[in-house]
Amino acid sequence: MRTNKVYKLVIHKKGFGGSDDELVVNPKVFLQIKLGDVVEIAHPNDEYSPLLLQVKSLKEDLQKETISVDQTVAQVFRLRPYQDVHVNVVDPKEVTLDLVELTFKDQYIGRGDMWRLKKSLVSTCAYVTQKVEFAGIRAQAGELWVKSEKVTCGYISEDTRVVFRSTSAMVYIFIQMSCEMWDFDIYGDLYFEKAVNGFLADLFTKWKEKNCSHEVTVVLFSRTFYEAKCIDEFPETHRASIRQDHEGRFYEDFYKGLSSRFQFYISTRELLGGHKSFIQCVRQALHKQELRSDRPDVCGHHPWCRCV
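Just remember that the working numbering sits 58 ahead of the position in the sequence shown, which is counted from 1.
Think of the hints as simulated: they come from the structure by calculation, not from any bench.
Please note: incorrect hints may appear among the correct ones.
[Stated by the list, open to error] Computed list of lysine to any residue pairs in SDA-like fashion (alpha-carbon distance at most 25 Å, straight line):
1) K151 - W203
2) K72 - N103
3) K117 - N103
4) K314 - K287
5) K66 - D119
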(Lines of atoms letter the chains of each structure in order from A; the text may use other names.)
(Lines give C-alpha, C1' and ligand atoms only; values in the text may rest on other atoms or scores of the structure.)
Protein backbone atom coordinates (compact mmCIF):
# COMPACT_ATOMS: atom_id res chain seq x y z
CA MET A 59 0.00 0.00 0.00
CA ARG A 60 1.45 3.33 -1.07
CA THR A 61 1.44 6.38 1.14
CA ASN A 62 2.16 10.05 0.52
CA LYS A 63 3.87 10.53 3.85
CA VAL A 64 7.40 11.91 3.55
CA TYR A 65 10.52 11.15 5.55
CA LYS A 66 13.94 12.74 5.76
CA LEU A 67 16.73 10.94 3.95
CA VAL A 68 20.09 10.59 5.66
CA ILE A 69 23.13 8.80 4.33
CA HIS A 70 25.71 6.66 6.07
CA LYS A 71 29.06 5.17 5.17
CA LYS A 72 29.82 1.50 4.86
CA GLY A 73 30.26 -0.10 8.27
CA PHE A 74 27.74 2.18 9.97
CA GLY A 75 26.50 0.58 13.17
CA GLY A 76 28.90 -2.33 12.76
CA SER A 77 27.25 -3.67 9.59
CA ASP A 78 27.44 -3.21 5.83
CA ASP A 79 23.68 -2.83 5.35
CA GLU A 80 22.74 -0.51 2.51
CA LEU A 81 19.46 0.40 4.18
CA VAL A 82 18.87 1.28 7.84
CA VAL A 83 15.28 1.46 9.10
CA ASN A 84 13.89 2.35 12.52
CA PRO A 85 11.10 -0.15 13.37
CA LYS A 86 9.50 2.40 15.71
CA VAL A 87 8.99 4.77 12.79
CA PHE A 88 8.09 2.21 10.12
CA LEU A 89 5.72 -0.05 11.99
CA GLN A 90 4.55 -1.78 8.81
CA ILE A 91 8.06 -2.76 7.67
CA LYS A 92 9.61 -6.10 8.60
CA LEU A 93 12.80 -7.95 7.72
CA GLY A 94 12.94 -9.10 4.11
CA ASP A 95 10.55 -6.46 2.78
CA VAL A 96 11.41 -4.63 -0.44
CA VAL A 97 11.28 -0.86 0.03
CA GLU A 98 10.97 1.77 -2.70
CA ILE A 99 12.64 5.13 -1.98
CA ALA A 100 12.23 8.20 -4.19
CA HIS A 101 12.13 11.97 -3.95
CA PRO A 102 8.68 13.49 -4.59
CA ASN A 103 8.21 14.46 -8.24
CA ASP A 104 11.74 13.29 -9.08
CA GLU A 105 12.61 12.39 -12.68
CA TYR A 106 15.12 9.74 -11.65
CA SER A 107 14.24 6.10 -11.12
CA PRO A 108 13.25 5.08 -7.58
CA LEU A 109 15.61 2.97 -5.52
CA LEU A 110 14.64 -0.54 -4.43
CA LEU A 111 16.39 -2.01 -1.40
CA GLN A 112 15.69 -4.93 0.89
CA VAL A 113 15.36 -4.51 4.65
CA LYS A 114 18.04 -6.71 6.22
CA SER A 115 18.21 -5.20 9.70
CA LEU A 116 16.26 -2.89 11.99
CA LYS A 117 17.87 -0.30 14.27
CA GLU A 118 15.97 1.64 16.88
CA ASP A 119 18.74 4.19 17.47
CA LEU A 120 18.06 5.94 14.16
CA GLN A 121 16.53 9.41 14.28
CA LYS A 122 12.76 9.65 14.08
CA GLU A 123 11.05 10.26 10.76
CA THR A 124 14.26 9.41 8.89
CA ILE A 125 15.56 6.59 6.75
CA SER A 126 19.25 5.99 6.07
CA VAL A 127 20.81 4.80 2.80
CA ASP A 128 24.41 3.89 2.06
CA GLN A 129 26.36 6.82 0.63
CA THR A 130 27.54 4.96 -2.47
CA VAL A 131 24.04 3.78 -3.34
CA ALA A 132 22.61 7.26 -2.81
CA GLN A 133 25.13 8.72 -5.26
CA VAL A 134 24.25 6.16 -7.94
CA PHE A 135 20.54 7.01 -7.72
CA ARG A 136 21.13 10.74 -7.12
CA LEU A 137 19.37 10.74 -3.79
CA ARG A 138 19.94 13.99 -1.94
CA PRO A 139 20.59 13.87 1.82
CA TYR A 140 18.28 15.70 4.24
CA GLN A 141 15.61 15.94 1.55
CA ASP A 142 12.09 14.53 1.63
CA VAL A 143 11.52 11.04 0.24
CA HIS A 144 8.57 8.72 -0.15
CA VAL A 145 9.07 5.29 1.39
CA ASN A 146 6.77 2.45 0.32
CA VAL A 147 6.79 -1.31 0.68
CA VAL A 148 6.34 -2.99 -2.71
CA ASP A 149 5.41 -6.51 -3.73
CA PRO A 150 8.56 -8.33 -4.96
CA LYS A 151 6.54 -9.91 -7.79
CA GLU A 152 5.88 -6.46 -9.24
CA VAL A 153 9.58 -5.57 -9.44
CA THR A 154 11.09 -8.97 -10.26
CA LEU A 155 13.92 -8.84 -12.79
CA ASP A 156 13.93 -10.99 -15.91
CA LEU A 157 17.70 -10.85 -16.39
CA VAL A 158 20.74 -9.72 -14.42
CA GLU A 159 24.16 -9.25 -16.02
CA LEU A 160 27.16 -9.77 -13.73
CA THR A 161 30.64 -8.80 -14.92
CA PHE A 162 33.91 -10.01 -13.44
CA LYS A 163 37.59 -9.40 -14.14
CA ASP A 164 40.96 -11.10 -13.61
CA GLN A 165 39.49 -14.28 -12.12
CA TYR A 166 38.17 -17.63 -13.23
CA ILE A 167 34.61 -18.58 -12.32
CA GLY A 168 33.48 -22.13 -13.04
CA ARG A 169 29.92 -23.27 -13.68
CA GLY A 170 29.61 -24.52 -10.11
CA ASP A 171 30.69 -21.14 -8.74
CA MET A 172 28.22 -19.40 -11.04
CA TRP A 173 25.39 -21.60 -9.78
CA ARG A 174 26.25 -20.99 -6.13
CA LEU A 175 26.59 -17.24 -6.66
CA LYS A 176 23.24 -17.13 -8.42
CA LYS A 177 21.59 -19.03 -5.56
CA SER A 178 23.04 -16.58 -3.04
CA LEU A 179 21.39 -13.68 -4.89
CA VAL A 180 17.90 -15.16 -4.95
CA SER A 181 15.38 -13.22 -2.82
CA THR A 182 17.56 -10.11 -2.76
CA CYS A 183 17.55 -6.75 -4.53
CA ALA A 184 20.06 -5.70 -7.16
CA TYR A 185 20.95 -2.35 -8.68
CA VAL A 186 23.35 -1.17 -11.37
CA THR A 187 27.03 -0.95 -10.35
CA GLN A 188 26.31 -3.07 -7.26
CA LYS A 189 29.36 -5.03 -6.12
CA VAL A 190 28.74 -8.66 -5.23
CA GLU A 191 31.12 -10.86 -3.23
CA PHE A 192 30.58 -14.52 -2.45
CA ALA A 193 33.12 -17.19 -1.47
CA GLY A 194 36.01 -15.16 -2.87
CA ILE A 195 34.14 -14.33 -6.09
CA ARG A 196 33.94 -10.64 -6.97
CA ALA A 197 31.43 -9.41 -9.51
CA GLN A 198 29.53 -6.27 -10.39
CA ALA A 199 25.96 -5.85 -11.59
CA GLY A 200 25.81 -4.46 -15.10
CA GLU A 201 22.58 -4.35 -17.07
CA LEU A 202 19.23 -5.26 -15.50
CA TRP A 203 16.23 -6.13 -17.67
CA VAL A 204 12.47 -6.34 -17.18
CA LYS A 205 10.17 -7.12 -20.13
CA SER A 206 12.85 -6.22 -22.70
CA GLU A 207 13.56 -2.87 -21.05
CA LYS A 208 16.59 -1.76 -19.05
CA VAL A 209 15.99 -0.82 -15.43
CA THR A 210 18.23 0.45 -12.66
CA CYS A 211 17.15 -1.88 -9.86
CA GLY A 212 14.87 -4.78 -9.08
CA TYR A 213 14.26 -8.01 -7.21
CA ILE A 214 15.97 -11.32 -8.03
CA SER A 215 13.77 -14.40 -7.86
CA GLU A 216 14.27 -18.06 -8.75
CA ASP A 217 13.05 -17.29 -12.27
CA THR A 218 15.54 -14.45 -12.84
CA ARG A 219 18.24 -15.33 -15.34
CA VAL A 220 21.77 -14.42 -14.29
CA VAL A 221 24.33 -13.90 -17.07
CA PHE A 222 28.07 -13.81 -16.34
CA ARG A 223 30.42 -11.80 -18.56
CA SER A 224 34.19 -11.57 -18.22
CA THR A 225 35.95 -8.30 -19.02
CA SER A 226 39.38 -9.96 -19.12
CA ALA A 227 38.87 -12.98 -21.37
CA MET A 228 41.06 -14.54 -24.04
CA VAL A 229 39.38 -13.78 -27.37
CA TYR A 230 40.18 -15.30 -30.76
CA ILE A 231 38.85 -13.45 -33.80
CA PHE A 232 38.95 -15.37 -37.09
CA ILE A 233 38.55 -13.35 -40.30
CA GLN A 234 37.93 -15.35 -43.46
CA MET A 235 39.88 -14.03 -46.43
CA SER A 236 37.42 -15.15 -49.09
CA CYS A 237 37.08 -13.79 -52.60
CA GLU A 238 34.16 -11.66 -51.46
CA MET A 239 36.48 -9.70 -49.18
CA TRP A 240 37.86 -7.98 -52.29
CA ASP A 241 34.43 -7.07 -53.66
CA PHE A 242 32.77 -3.69 -53.26
CA ASP A 243 29.49 -3.17 -51.48
CA ILE A 244 26.72 -0.90 -52.75
CA TYR A 245 28.46 2.10 -51.17
CA GLY A 246 31.82 1.45 -52.85
CA ASP A 247 33.64 0.09 -49.81
CA LEU A 248 35.69 -3.08 -49.85
CA TYR A 249 34.32 -5.70 -47.52
CA PHE A 250 37.71 -6.17 -45.87
CA GLU A 251 37.78 -2.42 -45.16
CA LYS A 252 34.38 -2.75 -43.52
CA ALA A 253 35.73 -5.63 -41.44
CA VAL A 254 38.75 -3.64 -40.23
CA ASN A 255 37.49 -0.06 -40.05
CA GLY A 256 33.94 -1.06 -39.20
CA PHE A 257 33.52 -4.26 -37.22
CA LEU A 258 36.89 -4.37 -35.43
CA ALA A 259 36.99 -0.63 -34.76
CA ASP A 260 33.47 -0.64 -33.30
CA LEU A 261 34.21 -3.76 -31.25
CA PHE A 262 37.38 -2.33 -29.72
CA THR A 263 35.67 0.98 -28.99
CA LYS A 264 32.86 -0.79 -27.16
CA TRP A 265 35.35 -2.82 -25.12
CA LYS A 266 37.20 0.36 -24.18
CA GLU A 267 33.97 2.02 -23.04
CA LYS A 268 33.25 -0.96 -20.80
CA ASN A 269 36.80 -0.90 -19.37
CA CYS A 270 37.62 -4.36 -20.71
CA SER A 271 41.15 -5.76 -20.83
CA HIS A 272 40.78 -8.77 -23.10
CA GLU A 273 43.77 -10.56 -24.58
CA VAL A 274 42.98 -10.90 -28.27
CA THR A 275 44.42 -12.97 -31.08
CA VAL A 276 43.36 -12.12 -34.64
CA VAL A 277 43.75 -14.86 -37.24
CA LEU A 278 43.23 -14.53 -40.99
CA PHE A 279 42.24 -17.77 -42.67
CA SER A 280 41.30 -18.98 -46.12
CA ARG A 281 40.39 -22.27 -47.78
CA THR A 282 41.65 -23.12 -51.24
CA PHE A 283 39.94 -25.79 -53.36
CA TYR A 284 42.01 -27.60 -55.97
CA GLU A 285 40.54 -28.95 -59.19
CA ALA A 286 42.59 -32.10 -58.95
CA LYS A 287 41.27 -35.59 -59.67
CA CYS A 288 43.43 -37.49 -57.19
CA ILE A 289 45.98 -36.91 -54.45
CA ASP A 290 48.78 -38.07 -56.75
CA GLU A 291 48.58 -34.80 -58.66
CA PHE A 292 50.11 -32.98 -55.67
CA PRO A 293 53.82 -33.03 -54.80
CA GLU A 294 54.49 -35.83 -52.35
CA THR A 295 56.11 -33.48 -49.85
CA HIS A 296 52.91 -31.43 -49.52
CA ARG A 297 50.24 -34.09 -49.53
CA ALA A 298 50.01 -34.16 -45.72
CA SER A 299 48.26 -30.77 -45.64
CA ILE A 300 45.77 -31.62 -48.39
CA ARG A 301 42.28 -32.64 -47.27
CA GLN A 302 39.16 -33.88 -49.03
CA ASP A 303 35.59 -32.79 -48.24
CA HIS A 304 32.35 -34.77 -48.39
CA GLU A 305 31.96 -33.94 -52.09
CA GLY A 306 35.36 -35.36 -52.93
CA ARG A 307 37.00 -31.98 -53.55
CA PHE A 308 40.60 -31.47 -52.50
CA TYR A 309 41.29 -28.40 -50.39
CA GLU A 310 43.86 -26.78 -48.14
CA ASP A 311 43.41 -24.30 -45.29
CA PHE A 312 45.76 -21.36 -44.73
CA TYR A 313 46.10 -19.43 -41.46
CA LYS A 314 48.03 -16.30 -40.52
CA GLY A 315 48.11 -15.00 -36.96
CA LEU A 316 48.42 -11.23 -36.97
CA SER A 317 49.01 -10.83 -33.27
CA SER A 318 48.87 -12.85 -30.10
CA ARG A 319 47.78 -11.83 -26.61
CA PHE A 320 47.82 -8.11 -27.33
CA GLN A 321 45.78 -5.57 -25.43
CA PHE A 322 42.88 -4.59 -27.65
CA TYR A 323 43.17 -0.84 -27.05
CA ILE A 324 45.78 -0.47 -29.78
CA SER A 325 44.38 0.87 -33.01
CA THR A 326 43.22 -1.39 -35.80
CA ARG A 327 45.84 0.18 -38.08
CA GLU A 328 48.58 -0.92 -35.67
CA LEU A 329 46.93 -4.30 -35.33
CA LEU A 330 46.62 -5.12 -39.00
CA GLY A 331 49.40 -2.95 -40.33
CA GLY A 332 47.07 -1.25 -42.76
CA HIS A 333 46.30 -3.27 -45.87
CA LYS A 334 49.65 -5.05 -45.83
CA SER A 335 48.54 -7.86 -43.54
CA PHE A 336 45.66 -8.77 -45.81
CA ILE A 337 47.75 -8.59 -48.95
CA GLN A 338 50.56 -10.62 -47.39
CA CYS A 339 48.06 -13.24 -46.30
CA VAL A 340 46.86 -13.72 -49.88
CA ARG A 341 50.39 -13.63 -51.29
CA GLN A 342 51.53 -16.31 -48.85
CA ALA A 343 48.59 -18.50 -49.74
CA LEU A 344 49.29 -18.13 -53.47
CA HIS A 345 53.00 -18.71 -52.91
CA LYS A 346 52.25 -21.98 -51.13
CA GLN A 347 49.98 -22.95 -53.99
CA GLU A 348 52.85 -22.38 -56.43
CA LEU A 349 55.15 -24.56 -54.33
CA ARG A 350 52.60 -27.36 -54.50
CA SER A 351 52.53 -27.31 -58.28
CA ASP A 352 54.45 -29.99 -60.14
CA ARG A 353 53.77 -28.26 -63.43
CA PRO A 354 56.74 -26.09 -64.47
CA ASP A 355 54.64 -24.27 -67.06
CA VAL A 356 52.21 -22.90 -64.48
CA CYS A 357 52.88 -19.72 -62.53
CA GLY A 358 50.84 -17.22 -60.58
CA HIS A 359 47.23 -18.29 -60.18
CA HIS A 360 46.75 -21.93 -61.02
CA PRO A 361 43.85 -22.86 -63.29
CA TRP A 362 43.31 -25.85 -61.02
CA CYS A 363 42.85 -24.00 -57.72
CA ARG A 364 40.51 -21.35 -56.40
CA CYS A 365 40.04 -19.55 -53.07
CA VAL A 366 36.75 -19.39 -51.21
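Structure-based check of all given hints:
Taking the CA atoms of K151 and W203, the gap is near 14 Å; set against the 25 Å cutoff, the hint holds. With a CA separation close to 28 Å, the supplied pair K72 and N103 exceeds the 25 Å bound. Between the alpha carbons of K117 and N103 the distance comes to roughly 29 Å, so the proposed pair goes past 25 Å and is violated. Proposed proximity of K314 and K287 is contradicted: the alpha carbons are some 28 Å apart, above 25 Å.
With a C-alpha separation of about 15 Å, the suggested pairing of K66 with D119 holds against the 25 Å cut-off.
Hint compliance for this structure: hints 2, 3 and 4 are broken, all remaining hints hold.
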